[in-house]
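Asks: Keeping the supplied structure of chain A fixed, place chain B upon it in accordance with the hints.
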Amino acid sequence: MKKIGRFLSSMPFAIGLLVLLAAACAFSSAVTQGQTYEYYTAQYGERTAGLIMALRLDDAYHSWWFIGLSAFLCLNLLCCNLIRLPVLLKRIRAFSEPDAAVSANAAAEAEGRGDVLKLFTALHMPKPHEGRDGLLYAARNRAGFWGAWVCHLGILMLILGFALGQVTMKQYTVYALPGQTKEIGDSGLTVTVDDFRISRTENGSVQQYMADLTVVDPVSGKQETGMAGVNAPANLFGYKFYQNSVGWGADVRVLENGKELQTEMLCVGEYFAVKDKPELVIFFQNFYPDYVSQAGSASQELKNPGYIYQAYYRGQILGMNVLLNGEVLTIDEYTVIFENPRNYTLLAVKRDGFAWLVLLGGLIVLAGLVLAFWIQPRTVCAVRQEEGWHVYGQCRKGGALFREEFLSAAEETGFRPCEKTEIKGEDV
Amino acid sequence: MLQAENTLFTITLIGYFALTALNFAFVILKKETLVKTAFCLQAGVLLLHTAALILRGIGAGHWPMTNQYEFATSFAWALCLVSLIFIRKYRFPVLGAFSSPLILLMIGYASMQNREVRELMPSLRSSWLAFHVSTAIIAYGSFGVAFVLSLIFLFRDRMNEDGFWGQHIPQQEKLDIISYRSVCLGMLFLTLTILTGAIWAEQAWGSYWSWDPKETWSLVTWIIYAIYLHQRLRRGWKGKAAAWFAVIGFICVIFTYIGVNTFLPGIHSYA
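Chains A and B, in that order, are what the protein sequence lines are.
In my numbering, each residue's number is its place in the first sequence (first place is 1) plus 407.
In my numbering, each residue's number is its place in the second sequence (first place is 1) plus 95.
Okay, chain A solo, but in the shape it has when bound:
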C-alpha cells in the first residue's frame, strides 16, 4: 500500500501525466471537436474517421481517457501534498535551527575577522539570534517552502471546481424579440425581453448590445429585472444571463378575408400554423435587412427589408419567395403580412455553482507561484572561532546567484571566501 502511495505521489508519475496531458491537448486541438462521423470521413478518410470515433477524439476533453488522466493528476497532487506535509513542516522547523544550518550543506562559506553583524545586514537578514557557544543565526522567507505545496493545492481545487461545475452546471439558450416572453428550459422561470438596443460608434460599428430583461418565477410570483450586455451579464435568480448573439425577427400578421386572424412574433428559423387551419404552416426562412436581388443583403443596415418565407400545406411545400416591404402573401382566403422587422437577442443562461472554486483555485496557484519563485528561504549562521568567525549561508533556489551575493557581501564586510562549497540536496 505504501509503495502504491509513494508511486502515486512520485515526481516521475507526475511528469509522465503532464507529458501525456500536454500531448493529448495538443493532438486534440488539431481535430475539430464535436463533429459527426460523416464530417471526419470527408476530412480524413474512413479509416481515420473510425479511429477518431473509437478513441473519442471527436469530444476528446470529455472522453474517458482524458477524464482518467485528469483524475490521476488529481490523485497525484493529493498524495503528493498529503505525504509531503509532515516532511515540509519538519524542514521548515529545521531551517531556522542553528545546528541544522551549520550541518546543512552551505551554499557559501566565509571566514575571518570581519564585522559579522554588518554581513547579516548586507544579506538583508533580520537581527541574528544568539545560540549556544556564541553562535549567531538568522533565517527569513520560510514561507517560501510552502510554494509548491500551495500551488498543488490550488491546481487541485481548480480541477475539482471545473469538474463539479461541468457535472452540476445548468445552461440554457433563449432567444426572443423585444416584447416576447419565453420559458427558460426546465428552470421553471420565464424571461421577458423588455427592450433590446444596439449602440454604435460614429463609424457605425457595434459598440454594445443591451437587453433589458424581466425574469419571473411563476410559482412564487417573484420577479427580478436587469440588463444583459456583452461583458456585462445580468445576474437574476442565481442565473447569469449572457448577451451572446443577435438575429432578425419580425411580426407576421394573418388576415382571413381581410379580417385580423392572428399576429405572431417570429424569429428567423421559426414557423407557425395558421389558426383555424393548422395544416397551413408559414416558415420564416431568412431575412435580408438591405435586400438586393440575387446578392442577398448589401449591408446590415435596415434599408430595404426582404423576408424569405416558405409556405406548407399538409407538409407539402406550396411555395417560397421574397416579400419586400408592402408586399403580401395570399393563400386562398388568407393574407400573410411580414412587418416591423427588428433584432432579437440570443441569451445564454447559466448557473455554475462551482465557478468560485475555480477562481479561488486559480488565485491560490498564483500565490503558490509567488511563494515558490520569489520568496526564497535563506539562512545565515556565524560560528565564533579563534581567528574570528566562520559564516555559512544557504538559500534555497538561490544557487550560484546567492553564492555570488554572499561572497560579495562577505568581502565587503571584511571576510574572505572559503573554498567553494558543493551544494547537495534540493536547491531549487
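Bear in mind the hints are in silico, worked out from the structure with no lab data behind them.
Quick caveat, the model's predicted, so the values are computed rather than measured.
Check each hint, because a few of them may be wrong.
[Said to hold, decoys possible] Straight-line alpha carbon distances no greater than 30 Å define the calculated DSS-like cross-link-like pairs of lysine-lysine that follow: (1) A:K497 with A:K409; (2) B:K333 with A:K497; (3) B:K184 with B:K335; (4) A:K666 with A:K682; (5) A:K589 with A:K666; (6) A:K410 with B:K333; (7) B:K184 with A:K525; (8) B:K131 with B:K269; (9) B:K125 with B:K335; (10) B:K269 with A:K525; (11) A:K589 with A:K682; (12) B:K335 with B:K269; (13) A:K497 with A:K534; (14) A:K757 with A:K589; (15) A:K534 with B:K184.
Replies: Just chain B, lined up with the frame of chain A:
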C-alpha cells in the same frame, strides 16, 4: 497620431536593426565598448518603441494589443524590456548580443502585418483586455529571454574558459539559474494571463474555459514549463536537459501565438 506612430515604428525598426548590427560587430570584433554602446542603444530604442506604442494606443482609441501587428510589436517591446532588466540585474551585458536578433525577428514580423486600425468588436471592449494581453506579452518576453539564455547555455561548453567569451559569459551554473528565473517570471505571468482570460471569457461568453485552440495551447505551454520546473528538482536534470526544455517551451509559445492563429482558428481568431 497614427502617422506619427507609423514614423516612430519605422525609426524603432531601424533602431533594432542597428542594435543587432552593433551586437554582430561586437561578436566579430570582440570589443567591450561595443556591447556597452549596444546597451545604451537598446535602452534608447526601447524608449522610442514605448512612445510608438503609446501613440498607437491614443490613435486607435484602445490598448495596442488587439491584432497580429499590435501583439507582435508589443511582444518585441516586452522582449527588449525583459532582456534589459536581466542584463542590468545579473550584470550580463552580452545577453543583449544574443537577444537582439530575436527582437529584430519579432519587430520584423510585426512590420509585415496589416497596420490598419480596426474598430473593436463588443467582446473586446473590456478592461480585462489590458490585463489579459499585457500579462501575455510579459510572459512571452520572459520565455523569449529564457530561450536565449538556454541557447547560450547549450553553446557555453564549447567556449574556451580563458578566451573572450569564457570571460564575458557566466558559468553554466549561473546561466542555468538566470534562465530558471526568467522561466519563473514567464510562468507567473502566463498563469495570470490564463486566469485573467478565464475571468474575461466568463463575462463575455459565459464560459471561463471552452477548449478553444488558443486556450488549449496556452495550457500546453503552461504544462511544458511546469515539466521544466519539476524536472529541475530531479538529479541530473538541471543544466542541459532543462535548457532543452526551455527551448521546446519557447517553440510552444511561438506556436500558440502564430501557429494557432494560422492553422487552428477559434474564438481567438482576431488575435
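Asks: Each hint should be assessed against the structure and marked as holding or not.
Replies: Each hint, compared with the structure:
Straight-line distance between C-alpha atoms of K497 of chain A and K409 of chain A comes to about 20 Å, which keeps the hinted pair within the 30 Å bound. Of the pairs offered as hints, the one joining K333 of chain B and K497 of chain A holds, with about 26 Å between alpha carbons and a cut-off of 30 Å not exceeded. Using a Cα cut-off of 30 Å, the hinted pair K184 of chain B and K335 of chain B holds, with the two alpha carbons roughly 23 Å apart. With a C-alpha separation of about 13 Å, the suggested pair K666 of chain A and K682 of chain A falls inside the 30 Å cut-off, and the hint holds.
Of the supplied pair hints, the one linking K589 of chain A and K666 of chain A holds, its CA atoms being roughly 28 Å apart against a limit of 30 Å. For the suggested pair K410 of chain A and K333 of chain B, the alpha carbons sit about 27 Å apart, so the restraint of at most 30 Å is met. For a cut-off of 30 Å, the pair hint linking K184 of chain B to K525 of chain A stands: about 23 Å separates their Cα positions. Annotation: proposed proximity of K131 of chain B to K269 of chain B holds, straight-line Cα distance about 21 Å (limit 30 Å).
For the suggested pair K125 of chain B and K335 of chain B, the alpha carbons sit about 26 Å apart, so the restraint of at most 30 Å is met. In summary, the hint linking K269 of chain B to K525 of chain A is supported, as the alpha carbons are separated by about 26 Å, within the 30 Å threshold. Taking the CA atoms of K589 of chain A and K682 of chain A, the gap is near 21 Å; set against the 30 Å cutoff, the hint holds. About 13 Å separates the Cα atoms of K335 of chain B and K269 of chain B, which keeps this hinted pair within 30 Å; it holds.
Taking the CA atoms of K497 of chain A and K534 of chain A, the gap is about 23 Å. The hint holds against a cut of 30 Å. In summary, the hint linking K757 of chain A to K589 of chain A is supported, as the alpha carbons are separated by about 16 Å, within the 30 Å threshold. Simply put, K534 of chain A and K184 of chain B have alpha-carbon atoms about 26 Å apart, close enough for the 30 Å limit, and the pair holds.
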